[in-house]
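Whenever a hint applies, use it, and build me the whole structure from the sequences.
Taken in order, these protein sequences are the chains called A and B. Taking the working numbering, the leading residue of the first sequence gets 3, the next gets one more, and so forth. Taking the working numbering, the leading residue of the second sequence gets 3, the next gets one more, and so forth.
These are calculated hints, taken from the structure and not from any lab test. None of the values given here were measured: they were computed from a predicted structure. Don't take every hint at face value.
Repeated chains share a single entry, so a pair holds when one copy, or any two copies, can fit it.
Said to hold, decoys possible - Calculated cross-link-like contacts (lysine-lysine; reagent style DSS-like; alpha-carbon spacing at most 30 Å):
1. LYS184 / LYS279
2. LYS184 / LYS255
3. LYS44 / LYS12
4. LYS287 / LYS125
5. LYS184 / LYS223
6. LYS174 / LYS255
7. LYS308 / LYS125
8. LYS166 / LYS300
9. LYS287 / LYS8
10. LYS184 / LYS300
11. LYS287 / LYS300
12. LYS287 / LYS59
13. LYS48 / LYS125
14. LYS59 / LYS255
15. LYS300 / LYS48
16. LYS255 / LYS48
17. LYS51 / LYS287
18. LYS30 / LYS255
Protein chains: 2
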Amino acid sequence: MEQMEKDLLKSIADISGFMPGSAFNLRKNGEGVERHSTPNVKIVTKEDKPGIDIIVKAYTSGESVHIPVILTESGINDMVYNDFYIEEGADVEIIAGCGIHNDGCDTSQHDGIHTFHIGKNAKVKYVEKHYGEGSGSGERILNPVTIIDMEEGSFAQMDMSQIKGVDSTMRKTEANLGPGAKLVINEKLMTHGHQQAHSDVTVNLNGEDSVVQIVSRSVGKDTSIQVFHPIAVGNNRSRAHIQCDSIIMDQAKISSIPEIAANHVDAQIIHEAAIGKINSDQLIKLQTLGLTSDEAEKEIVDGFLK
Amino acid sequence: MEQMEKDLLKSIADISGFMPGSAFNLRKNGEGVERHSTPNVKIVTKEDKPGIDIIVKAYTSGESVHIPVILTESGINDMVYNDFYIEEGADVEIIAGCGIHNDGCDTSQHDGIHTFHIGKNAKVKYVEKHYGEGSGSGERILNPVTIIDMEEGSFAQMDMSQIKGVDSTMRKTEANLGPGAKLVINEKLMTHGHQQAHSDVTVNLNGEDSVVQIVSRSVGKDTSIQVFHPIAVGNNRSRAHIQCDSIIMDQAKISSIPEIAANHVDAQIIHEAAIGKINSDQLIKLQTLGLTSDEAEKEIVDGFLK
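Structure follows, in structure tokens:
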């Protein structure tokens, strides 16, 4: 593996190569290049369309699955369907992510359609990082679609972040919660240059005592544009808490269009959103401690997105 | 004036008849029936369409204007355009409101299009109550449109409430704020039966240091449906705070779709919304004090909308 590829893997999945001993699938420039399953986690190529099925056996515990995607050639347009079958009572961590290195002048694009079938009482922690780099003028585009179907008593935590270098993203997330299911979504997003980011999240609280918590934090720099559209629909006795905080800098534009709907008398839904610039007291304090204004700004932004 | 008409006036404008000595316009069943101007507040019939111009002279102070509308016949469809010209430095209170008494089986509808031209440093307090009653099967419909253009340093407080008996309402409010303008909107809404209420509020913070505060409180009972869609757009150094709290009861459905957009680095926008049922601790406490469950519920709802 080239050093540049290793660096990409480090940025998106915190690994430096293949992961012997644990379930693993590396997709590079639109093709699978390395894979291994374990007795409890099977990774199988789809037969009808590009992509894989990841099957986690019932009551599996303590395993992790890495499924990174990297694009290193300019002009690649990759679309992939990944289905996760997390069987009853399994407890698993999934590390996904996509890194694009584009030194060319053509657009590199990866659209991942991820569908989670989370069984009764199963637990999933899903970590997804999106990252772009490269000296070319070619755009780096990521359009992830995430669908989450949660059965009774299941739990899912989705940590999804886009830290740097993605020119355009259209994120779509849809979750359907069964009885007692609990979903936590932590979204982090930073845009710079003339990047654009849209994020639509829809959560349907269908089951009794289902719970969702969404925390979205974003920073918009330069002339970038961000649009957030989280939707929580309480169709049963349920609770939802959505919190969106954004820091706006330079000539960036940020909008937030949440939608909360209670279709049941015992649905309890709370939404909070704030858009504002960096706290000037904090800036001054850090500068008093010896940081330049740029360093102080970086410190605050990093802390906010941590 | 009949007693029923007097009662309607009491409900919507807290008056029991004409208001000699102050500016006044009563519209009944689609026609003006009584009017008087004062030296500082002129009320003039529009020539191109139904409605009136209300002109408040510059630097007028301490005057109030009553412009109630009542519909007492079934089957009336009344549309009226009222323009308010509040000249520089004037300080005025405007009491509007519409009461419908419908004993028939035909729909009674009043659509008021109100446009406020608020001059430099002028101050307006606007109170609008909507109320319906009557034993007929005919619907009572109110579709108010309110447009507010605010010049430099002006202030407006809009207290708009729909307390009871309005079968269907589509409220549209749009405000454009100049430099240093401050707008406060207090919205109160109660729906019952199979009523429907939609409220769209758009505030454009165009001027430097413009400020808006919106507090919306609502209660949805029975099978009624409420939809709120407040929008705050910060196009300059400005501040917005939107707060929507709703109590949901019975089989009611409530949704809230706020939209906050910062198009300027010094725009600071905060939104909070909560939908939930009546606090059960409060209910139990009031029942312990001797109230029946219905009385306790009424007490809490009245307190919430006060």
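Against the structure, the hints:
Taking the shortest alpha-carbon separations for LYS184 and LYS279, only the inter-copy value of 21 Å comes in at or below 30 Å, while the best intra-copy value is 33 Å. Proximity of LYS184 and LYS255 under a CA criterion of 30 Å is satisfied inter-copy only: 23 Å between copies versus 32 Å inside one chain copy. Proximity of LYS44 to LYS12 under the C-alpha cut-off of 30 Å is restricted to the intra-copy arrangement: shortest distance 24 Å within a copy versus 74 Å between copies. In this assembly of identical chains, LYS287 and LYS125 lie within 30 Å of each other by CA distance neither inside one copy nor across copies; the values are 42 Å within and 40 Å between.
Within a single copy, LYS184 and LYS223 get their C-alpha atoms only as close as 33 Å, which misses the 30 Å cut-off; across copies the closest is 29 Å, which meets it. Taking the closest pair of Cα atoms, LYS174 and LYS255 come within 30 Å of each other both inside a single copy (20 Å) and across two copies (26 Å). In the homo-oligomer, the alpha carbons of LYS308 and LYS125 lie at most 30 Å apart inside one protomer (24 Å), although the nearest pairing across protomers, at 46 Å, exceeds that limit. In this homomeric assembly, LYS166 and LYS300 come within 30 Å of each other (Cα to Cα) only inside a single copy, at 13 Å, whereas the closest approach across copies is 53 Å.
When the C-alpha separation of LYS287 and LYS8 is checked against a cutoff of 30 Å, the pair qualifies neither within a copy, at 38 Å, nor between copies, at 64 Å. Neither within a single protomer nor between protomers do LYS184 and LYS300 lie at most 30 Å apart by alpha-carbon distance, with minima of 34 Å and 34 Å respectively. Proximity of LYS287 and LYS300 under a CA criterion of 30 Å is satisfied intra-copy only: 14 Å inside one chain copy versus 51 Å between copies. Taking the closest pair of Cα atoms, LYS287 and LYS59 never come within 30 Å of each other, the shortest separation being 52 Å inside a single copy and 50 Å across copies.
In this assembly of identical chains, the alpha carbons of LYS48 and LYS125 lie at most 30 Å apart only when taken from the same copy (24 Å versus 68 Å across copies). Proximity of LYS59 to LYS255 under the C-alpha cut-off of 30 Å is found in neither arrangement, the shortest distances being 45 Å within a copy and 40 Å between copies. Taking CA atoms no more than 30 Å apart as the test, LYS300 paired with LYS48 passes in neither setting, with 43 Å inside one copy and 59 Å between copies. Within a single copy, LYS255 and LYS48 get their C-alpha atoms no closer than 40 Å, and across copies no closer than 42 Å, so neither meets the 30 Å cut-off.
Taking CA atoms no more than 30 Å apart as the test, LYS51 paired with LYS287 passes in neither setting, with 55 Å inside one copy and 61 Å between copies. In the homo-oligomer, the alpha carbons of LYS30 and LYS255 never lie at most 30 Å apart, since the shortest distance is 34 Å inside one protomer and 48 Å across protomers.
When held up to the earlier numbered hints, the structure conflicts with 4, 9, 10, 12, 14, 15, 16, 17 and 18 and fits the remainder.
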